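Chemist: Sequence:
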Amino acid sequence: MRTVFSRIASMTAQQRATLAEEFTKTSRIAVAEPIAVMGIGCRFPGDVTGPDSFWDMLVGGRNAISQIPADRWDGDAFYDPDPLTPGRMTTKWGGFVPDIAGFDAEFFGITPREAAAMDPQQRILLEVVWEALENAGIPTDSLAGSRTGVMMGVYFNEYQSMLATRLENVDAYSGTGNAHSITVGRISYLLGLRGPSVAVDTACSSSLVAIHLACQSLRLRETDLALAGGVSIVLRPETQIAISAWGLLSPQGRCAAFDAAADGFVRGEGAGVVVLKRLTDA
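Going by the UniProt record's numbering, the first residue of the sequence shown is number 1, and it counts up by one from there.
Careful, some of the hints might be misleading.
Unchecked claim - Restraint ranges, calculated between C-beta atoms of paired labels, are given here:
1) 22 x 242: 17 to 23 Å
2) 172 x 248: 32 to 38 Å
3) 105 x 142: 22 to 28 Å
4) 212 x 13: 37 to 43 Å
5) 181 x 21: 37 to 43 Å
In short, the hints are calculated from the structure, not lab data. From a predicted model like this one, the values you see are computed outputs, not experimental measurements. Glycine included, every Cβ here is placed at the ideal spot set by N, Cα and C.
Sequences are here, hints too, so could you generate the full structure?
Modeler: In C-alpha cells:
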C-alpha cells in the first residue's frame with residue numbers, strides 16, 4: 001500500500017503546489033474561523049431562568065448569594081469559623097437554584113421512576129438545552145440525524161452519594177441516572193444527534209473547556225452544530241467541607257475578585273448552554 005509520502009513524491013510540482021495551498025487554506029480556517037452563538041439557555045441563582053432574567057440581574061446589580069437552603073443541609077449545624085474543626089465548614093452561604101426537584105419527566109419521555117433516580121444535574125441540563133434551542137429558533141425535531149455535537153462540563157456527583165445511603169435506591173436507573181457520560185449521552189439520544197457526545201471534567205474550568213472543544217469540533221468540520229456548556233448542583237455538605245478545609249471558601253460569603261479584601265470564593269450552582277455554529281453557516 002502506498003504511503004502518503006510516496007503519493008506526494010509522485011506528484012508534479014503543480015500538484016504539490018495546489019496541495020500545499022489547500023492545506024494552508026484549511027489550516028487557516030480550522031484555527032481562526034469565527035464561531036457564532038445562535039442561542040442561550042441558563043438556570044442560575046437569583047431566580048434566573050433564561051438570558052433575559054440573567055441580563056436583568058446583572059444590570060440591576062443584584063446579589064444572588066443566600067444562606068444554605070434547608071432542603072440541602074442544615075447550614076448552622078455544619079458551620080464553624082475555625083477551618084481546622086473536623087466535619088465543619090467556614091461558610092454557610094452560596095448561590096442556589098430554587099426547585100431543583102421540579103421536572104416534567106413526561107415531556108421528555110422519561111418514566112417517573114427513572115426520573116427519580118436521575119441526578120438533578122441531568123434533569124436541569126435537559127431543560128436548559130431545550131430552552132437554548134428554542135432561544136436559537138431551532139426546532140428540536142429538525143436535528144435528528146444531524147452532525148450536532150454535545151460537549152458539557154460536569155464535575156461533582158453528589159446525588160449518587162445520596163442514593164447510595166439506602167441500598168434499596170440503587171438499581172439500573174440509578175446507574176444511568178448518575179453517570180456523567182449519560183448526562184450528555186441522554187441529550188444526544190433524546191434529539192437523535194449523530195455528532196460527538198462528550199462529558200468534560202476539568203474541575204472549575206469544565207464548562208469553558210467544553211465550549212473550547214465544541215469550537216474546535218466545528219472548525220475541524222466534525223460537527224455542523226454544537227451544544228456546549230455545563231451544570232453544577234450543590235446537594236451535600238461533604239464536598240463543601242472538603243473545599244473549606246482547602247481554605248478556598250470565603251468566610252464572609254462574598255467574592256471580592258481583584259480586591260485586597262478577597263478571602264476566598266463562594267460556591268454557586270446552575271446550568272448554562274450555548275448553541276454554536278460556524279459563522280459562515282449561521
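Chemist: Does each hint fit the structure? Answer for all of them.
Modeler: Hint check results:
no.	hint	in the structure
1	22 x 242: 17 to 23 Å	52 Å, violated
2	172 x 248: 32 to 38 Å	37 Å, holds
3	105 x 142: 22 to 28 Å	24 Å, holds
4	212 x 13: 37 to 43 Å	39 Å, holds
5	181 x 21: 37 to 43 Å	41 Å, holds
This entry does not satisfy hint 1, going by the numbered hints stated previously; all others are met.
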